[in-house]
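**Q** Place chain B on chain A using the hints.
Line by line, the protein sequences are chains A and B. Here my numbering is used: the first residue of the first sequence is 1, the next is one more, and so on. Here my numbering is used: the first residue of the second sequence is 1, the next is one more, and so on.
No lab work stands behind these hints: they were computed from the structure. Here a beta-carbon is modelled for each residue, glycine too, at the ideal position from N, C-alpha and C. Hints are supplied without guarantee of correctness; some may be wrong.
Going by beta-carbon spacing under 7 Å, a handful of chain B positions derived as facing chain A [unchecked claim]:
no., residue
1, Ser203
2, Ser239
3, Thr273
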Amino acid sequence: MAEPVGDVSTPSTLDPEGLGFMCGIEVHQQLATGKLHSREAGELYDVTAATVPEVWPRIRRRLRASRGEGGAVDVAARFEARRRRSFEYVQSPNAGLIELDERPPLPLDDEAVQVTLTVAALLDACPVDLMQTMRKTVVDGSNTSGFQRTTLVARDGRLATENGDVGIDVVCLEEDSARKLETIETDDGEVVVYNLDRLGLPLIEIATAPDVKGPDHAKATALALGAVLRRTRRVRRGLGSIRQDINVSIACGDRVEIKGCQDVEWIPRIVRLEMARQLHLYRLANTLRGRFGQPELPSDRRDDDEAAEVDVAVAASAHVPIDFIDVSDALATSPSAMLSKGLAAGHVVLALVLPRMAGLLGQKSLDEDGAQLPRLGRELAGAAKLAGVKGVFHSDELPAYGIEDRDVAQVRSRLSMSEEDAFVLCLAPTWQARLALEAVRGRTLAAFHRLPREVRNVVVAKGAPVDGTTTPMRPLPGGARMYPETDVPARLLSNEEWAAVVAHLPPTQEERKHRLEQHELSEDQIDQVVARELDDVLLAHLGNRPAKALASLLLEHPEHAPEFLVMLLDLRETGRLSRDGVKAAAQAYPHGADEATVAGWAEAEGHVPADLGDLQSIVASVVASRLDFVNERGLGAVGPLMGLVMAEAKGADGKEVSGLLKDEIQRVLA
Amino acid sequence: MDAPVGSTVRIEIDGPTGRTSVSGQVIPPAAPGHITLKLLNGYNVSHLTTSVTAMAVLSGPSESTTEAEPAPLVASGLPHVRIVHTGGTIASKVDYSTGAVSARFEPSELLSSVPELGSIADISAVKVGNLFSDDLRPKHWNAIAEACAQAFTDGARGVVVTHGTDTLHYTAAALSFAFAGAGGRPAGPIVLVGSQRSPDRGSSDAPENLMAAVHWAANGPVPTGQFGDAVVVVMHRSSDDGMANVLPGVATRKMHSTRRDAFRALNVEPLATVTISTTPATIHLNQRYDAERSRAADRAVTEAPTPFLPDLNLPHVVATPWLRAEHIESLAATGPAAIIVHGTGLGHLPISDPDGDLPENREIWKVLMRASNRRLPIVVTTQCIEGPVDMNVYAKGREQRSLNVLGHGISSVPETTAIKVHHLLSRGLDLHEHLTTDLCGENPLQY
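Next up, chain A with everything else stripped away, as it sits in the complex (with noise of 0.2 Å):
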């Protein structure tokens, strides 16, 4: 493969094909039902940090890492053991001992597992004949157990989208994670808080083909994927009920998968941000080859030679000192708040030095929509915070953040560099700073070799993206980190049942408008219903009542049952309610009533239509007695009168009064 083309500092002219672009979708989404292995109620609570009310109990927890089924220990699980993380898990009232880890989990629900057989069946893929739950190794505490539970439910399906089918590898039903409330630094490691709310709500986990052609296309198959989902009705909805994990990789850099994709108008510019994060490591590697005369990476991985990359790594490995060196000393006079304040609490300074690296580290840039430019600095940062440090400094950033020309010369001489040389320093307690100094000493390693394949998480700050960039959060996970759940039995799936599942698909949108234009209804209304997914409701209810007058009921009141608002139709239908006593009445009984006790308060409270013949001649006498206002505004005279007319006649339709003086009043003056 030739060389690539493309400029990485606009990212948005950067040509997928030409870059041997590669992109799959994973979306998420969680469904409308109670946990999926503990029945408990499938709520979140609105409560931060701050507002988590104290009765709720919290308990103290650490993970460890454990043996996958080959029985070797997974590499981000013993990095993620030195971590000295500790979790504490905030007990919401819908978690008990199953979300606790102190209970097994119940078998699979089942509403949960025809839901998820009803999205296989519409993405047209072909179930398994026994579900097996299997238990996936996660180390950072947002599962109590230290695994998240998984069941593959059907394979091998597709997807149509605007740009040709999309290839789906799996529909899995697996539980969602706990939410993260905060995480408090202290001096042993980070103590991680979760709430147990979201712990154990089913997810339908989608992952398509690698068939996806560009950034654009990424975003319109998640678009898609969503309606599919949406389609059952069974989804829940709203900001992070739904999210995207994103594939992506060109020839020349390799497989990432990019976390916290929930807003899909961000998928296609994170996806370009990625491609030219790719393409800046690898022509930073050949840049740092070059300088250390070792010959260049292909431009195509499927390229790579494994023996020539063991040569390389040797080569750079013994470039890259392993010690790191104690300057605490060198900055004890630092004008630095940072510095000053860390030394003071017993932290150290640690230093990294990189042989002639000076320059390749970088300094921040920004592209043309404002997103951090790649670079190798960003990179070591993002491996370091991963032991759970805020950051580093490295030389070709400073000076800055206080740390002044003087400082740097001092760590300089200190370490004994040379100008071509580069350092990076870690602020931290000393386990920690050599943690992550390891950390970046690993990651410069890697960045002589092709990207790393890891999962990456979007930059969030205020629950959206900052930049569209994103930074590393783990290695990406093989399947060695998958064993069976052994606590769960596997769910056979008979013909009879799937058969019955391809039989009740749900209507797509367009068959659901269609059904509703038998009825006498508007096309506004139309759209609302369908959208607001009432129209099941609707047509379940409308037998021989108004279409419209049910369907503006249902769009008002969606906090009332559809069985009370029926109940008020049909009290207004046989007139023992009026027109403006059905808003009335639904205001007055938020909590719905039944038709006795809603009839009798239309009669208290004056909510009875007039009869009409009363209605009449009230309106007639009004009209008389005002005979004179009537000749001088003609029908004008209509509005002031109302209020007459109602004031005499309670409960009477204000439409019926107004028709009623019209006709009274045209009368009188013919």
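**A** Same frame as chain A, but now just chain B:
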């Protein structure tokens, strides 16, 4: 349509649920009539073998790629702790042929999975068995006691017995009587430890329980043989990680089928706590225990633990609203050494007939009378689990005592009472004379 387990295959499926093809490694079938493949992404996929229309073997069985574990670090100068391995969840792993958890672990694996143990003690390990504790029998108590005695002979400072949790407290009580029932004490701490969550998960309680147990064995006070300290149980103190309770072996019981803090001291407070969230771990003795042990008379070290008669017939019966005389009679017909009755409340049985309309109760009274005549010991304990058996409070109780029903004055959990009966009978001692004598702290009067 067979491929050996471990080989990689591609199969074509055409069944009632659709047509597809799938590639993966063959693993033992998850259900009869199915073929199960492990996919590259880690999921296991099963299809009916009758739906498989074609199979291509892509490669033969691969060698196991299990990484060799580094040998555990042994720091010199640390106390020698012997781990006596008996099985249970703490030493279990997933059996990939059945998908279930099984007790199949070598002691060395236990050490390599918790490398921290190497910095607490100089560890040696022996295997007595690989059983779930629900399968254990009294003869196993003897084998475990022997292994403990051997550990001390070999110079161990303390012994940690890894054990399934279901009957862990039975074994704890049995070892207590074996080492301290006859007036002696073990040479050093004997600790029973288990886990409620299997070690294959990151959240397992096994590593912390094990660390706390080894810490106590290495650093805990030398047992007095009294106050229940002869043999202790070390397990999670609460649902939190970070602290373990040290519980008296003769006054502890599994009180929850699944929680980490299932084991609780009954009728007495825990002897101590071990905090392992700090480095190094720290021990806090219970104030009362600390005071008691400082005043305690010295006991001689038990070189040879008292064995239990392995084949003693000791049936149990529960006093319930359904209890009938035949139930006790049928047990009596098996020739038991004694019958343990789990009485209600203070230790009662349904034997009264105040209005003359409960002939079934009168029948039970008669059965007790016959047992007394035949000198068959009937020992009552309480279903309340906690609190004393006291047959002086109600006339019913006094009536039972007049029928020679034993147990009055005991404040042990039911299991401990039964094991004490077994211990006394194994020593050929008379229950009437010795049952209520406190031997090693099994009869605490704290609550």
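**Q** Please go over all the hints and tell whether each is borne out by the structure.
**A** Results of checking the hints against the structure:
Using the Cβ-Cβ criterion of 7 Å, the hint placing Ser203/B at the interface with chain A is satisfied: the shortest such distance is roughly 4 Å. Hint status for Ser239/B relative to chain A: holds, with the closest Cβ pair at about 5 Å, below 7 Å. Below 7 Å, beta-carbon pairs count as interface contacts, and Thr273/B has none with chain A, the closest being about 15 Å; its hint is therefore violated.
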